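Once you have looked at the hints, place chain B on chain A.
There are 2 protein chains.
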Amino acid sequence: MDLESLSQTGGEWLRGTGPESDIVMSSRIRLARNLAQYPFPNRASDSVRAEVEALLRSQIEQKPAGRTLDYIRVDQLETLDRQFLVERQLISRELSEGHGRRGVGVSAGESISLMVNEEDHLRMQVLRSGLALDDCWQEINAIDDAIEAEVNYAFSEKLGYLTACPTNVGTGIRVSVLLHLPALVLTKEIQKVFQALQKIGLAVRGLYGEGSQAMGDFYQVSNQATLGKSEEEIIATIKDVIPNILNYERRGRTALVKDNRRGLHDQVSRAYGNLKHAQTISSEETMHLLSSVRLGINLELVDDIDVATVNELFIHTQPAHLQKLRHERLESAERNVIRAAYIRQQLNQERPSEN
Amino acid sequence: MDLESLSQTGGEWLRGTGPESDIVMSSRIRLARNLAQYPFPNRASDSVRAEVEALLRSQIEQKPAGRTLDYIRVDQLETLDRQFLVERQLISRELSEGHGRRGVGVSAGESISLMVNEEDHLRMQVLRSGLALDDCWQEINAIDDAIEAEVNYAFSEKLGYLTACPTNVGTGIRVSVLLHLPALVLTKEIQKVFQALQKIGLAVRGLYGEGSQAMGDFYQVSNQATLGKSEEEIIATIKDVIPNILNYERRGRTALVKDNRRGLHDQVSRAYGNLKHAQTISSEETMHLLSSVRLGINLELVDDIDVATVNELFIHTQPAHLQKLRHERLESAERNVIRAAYIRQQLNQERPSEN
Numbered sequence: 417m418d419l420e421s422l423s424q425t426g427g428e429w430l431r432g433t434g435p436e437s438d439i440v441m442s443s444r445i446r447l448a449r450n451l452a453q454y455p456f457p458n459r460a461s462d463s464v465r466a467e468v469e470a471l472l473r474s475q476i477e478q479k480p481a482g483r484t485l486d487y488i489r490v491d492q493l494e495t496l497d498r499q500f501l502v503e504r505q506l507i508s509r510e511l512s513e514g515h516g517r518r519g520v521g522v523s524a525g526e527s528i529s530l531m532v533n534e535e536d537h538l539r540m541q542v543l544r545s546g547l548a549l550d551d552c553w554q555e556i557n558a559i560d561d562a563i564e565a566e567v568n569y570a571f572s573e574k575l576g577y578l579t580a581c582p583t584n585v586g587t588g589i590r591v592s593v594l595l596h597l598p599a600l601v602l603t604k605e606i607q608k609v610f611q612a613l614q615k616i617g618l619a620v621r622g623l624y625g626e627g628s629q630a631m632g633d634f635y636q637v638s639n640q641a642t643l644g645k646s647e648e649e650i651i652a653t654i655k656d657v658i659p660n661i662l663n664y665e666r667r668g669r670t671a672l673v674k675d676n677r678r679g680l681h682d683q684v685s686r687a688y689g690n691l692k693h694a695q696t697i698s699s700e701e702t703m704h705l706l707s708s709v710r711l712g713i714n715l716e717l718v719d720d721i722d723v724a725t726v727n728e729l730f731i732h733t734q735p736a737h738l739q740k741l742r743h744e745r746l747e748s749a750e751r752n753v754i755r756a757a758y759i760r761q762q763l764n765q766e767r768p769s770e771n
Numbered sequence: 417m418d419l420e421s422l423s424q425t426g427g428e429w430l431r432g433t434g435p436e437s438d439i440v441m442s443s444r445i446r447l448a449r450n451l452a453q454y455p456f457p458n459r460a461s462d463s464v465r466a467e468v469e470a471l472l473r474s475q476i477e478q479k480p481a482g483r484t485l486d487y488i489r490v491d492q493l494e495t496l497d498r499q500f501l502v503e504r505q506l507i508s509r510e511l512s513e514g515h516g517r518r519g520v521g522v523s524a525g526e527s528i529s530l531m532v533n534e535e536d537h538l539r540m541q542v543l544r545s546g547l548a549l550d551d552c553w554q555e556i557n558a559i560d561d562a563i564e565a566e567v568n569y570a571f572s573e574k575l576g577y578l579t580a581c582p583t584n585v586g587t588g589i590r591v592s593v594l595l596h597l598p599a600l601v602l603t604k605e606i607q608k609v610f611q612a613l614q615k616i617g618l619a620v621r622g623l624y625g626e627g628s629q630a631m632g633d634f635y636q637v638s639n640q641a642t643l644g645k646s647e648e649e650i651i652a653t654i655k656d657v658i659p660n661i662l663n664y665e666r667r668g669r670t671a672l673v674k675d676n677r678r679g680l681h682d683q684v685s686r687a688y689g690n691l692k693h694a695q696t697i698s699s700e701e702t703m704h705l706l707s708s709v710r711l712g713i714n715l716e717l718v719d720d721i722d723v724a725t726v727n728e729l730f731i732h733t734q735p736a737h738l739q740k741l742r743h744e745r746l747e748s749a750e751r752n753v754i755r756a757a758y759i760r761q762q763l764n765q766e767r768p769s770e771n
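Chains A and B supply the protein sequences, listed in that same order. When the count follows our numbering, it moves up by one through the first sequence with no breaks and lands on 771 for the last residue. When the count follows our numbering, it moves up by one through the second sequence with no breaks and lands on 771 for the last residue.
Excised from the complex, chain A in its bound form:
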């Protein structure tokens, strides 16, 4: 796969379409699988890792369930390219920072990525724009079945799929929904929502998963437990709770507009103005301002930009993306200048008229 061409486009999941896409940025399901005859990657020798990599790569190249995937040898990439794939949500930090032979198979629209020799031998992920967990599950299940027909997964009748970390044993599934919750942040109700989610065993994380900060008012809601429930039950738990969060956020948005439409419009419009005019801007401020603009688009306070452009900017203004754009490594201060120039270029392509 050509990373240069990848850097020019955006993943399908950034289109901003699909059910509830005013709040739900994307849906994602990943499955963790291991090959029965090999030790887990953290226990495997280099030669074993190489063997696992070759075996799973051949599976990926055989178009599992008819899906064409480009395979990338992550261990042969430079640091910047690995960071780029992390920002793109195609590989995990763990795969990026790991050692030994490892890789990822990526579909053309970036909706499927199959990681080899991450924490587990195989980590499969399907991403979709909007709230589309059933689609994710159907697709990942088909791929999983296709590969399972060819290899011998580590599986226990009692526990289910065996994984390197006990928290993934059983179904090996993680079901996540990436939510944009600016109104709940503005109205300071977000903590209450998190506490409620934690009580029913769901985790809340930032845009870049475990340990990442919640930037741009994005929150990933996902299951914690993988054991003792079927995949369908785990998906159902998430599907049941999401409408409540969407209701809270929508109620928050309505209240903000009702209480102070002018002030909100001002905030949104100035955020847009700052993005269009900044000559230097940090990643953090970018996420913050983009979040305001994204809210503004959904509340029809901004009408000359589409949500896909904003969604892409969240990803394409990340450090490695900017450095690939310039084909060089850049210090933070240089990146802030390049970031501002890139944002101006993207936003000033839009229609000039506005309210």
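Bear in mind the hints are in silico, worked out from the structure with no lab data behind them. Since the structure is predicted, the reported quantities are computational estimates derived from the model, not experimental observations. Where a beta carbon is used, it is the ideal one built from N, C-alpha and C, also for glycine. Where hints are given, some of them may not hold.
[Claimed, not checked] Distance ranges between label pairs, derived from CB positions:
(1) A:GLY679 / B:ALA671: 31 to 39 Å
(2) B:GLU700 / A:GLN554: 54 to 62 Å
(3) B:ASN660 / A:ALA724: 54 to 62 Å
The following block gives chain B in isolation, referenced to the frame of chain A:
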């Protein structure tokens, strides 16, 4: 004179032309005169004030020194219209808030205004864009001579021209230069400059004269003493000191660009973006942001707007101007919304391209 048509245009002194106009917004000379046979306005009965008003009005209507002036009866104006003339720098607050018959003669380009029954019977003012004190003096002197040839000014051989307030006795002259000093404000050197000016007997005031705050980094430098020196000497004192202030400001600007061109460009450009996008904005913030943009134009950091537009916005976004634009009285919060809309309209007429 039609105040409606006045509200559509800007005074000539806002053109942003003339010597040193990157820093010197305008030059202004005013003369205080009284008629010998009448008590000063604050001691005059209503009938005396009326007599003075009629006498001086007839002088103004006789085109002194060939200058055509429209005469406005200020006491017959509504409060809003009087505030409008104050914001326009055509009358003083004192004339606006006074009582009894009083008026002002205004030339077409708004460079001459002759106030009747202010603190003194006659207050003459000439304004020019840029540093042009000699032009101001020539013009006001000609008008003064023409009127003096027709009326009997209160004059003492020992003291000179007699005025209602002792601080104006002698020449009755106030020579002012309105300076835009954003770099000296940013570098915090402005206080040093003020102290130096005060030591040589010069006063520093804000945009709207005595007691007004220095908004938008505008400062009026003017003489304090009117006694014991000729008009030419007083003008020479100001003319001598201004180049030093201009040097300080220019040195400050050069240092700002040298030390942090990017940061300055960012500040200027974001100020412009906020002005173009705000949905509600206070007068204070407007002045502050316009000041940044004005600096940016002069440093060639902004290139798609001319300085005359910015100069006009300083005046045309004042409260009475906005209310005349809408033909209604508006509360502060409403004005902030109208102000933002007016600024967006003015700035989005400009070419859309920018750095």
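Status of each hint after checking the structure:
Between GLY679 (chain A) and ALA671 (chain B) the beta carbons are some 38 Å apart, a value that agrees with the proposed interval 31 to 39 Å. As the Cβ distance of GLU700 (chain B) to GLN554 (chain A) is approximately 58 Å, the hint placing it in 54 to 62 Å holds. Range check, ASN660 (chain B) to ALA724 (chain A): Cβ separation about 57 Å, and the 54 to 62 Å hint holds.
Hint violations for this structure: none, all hints satisfied.
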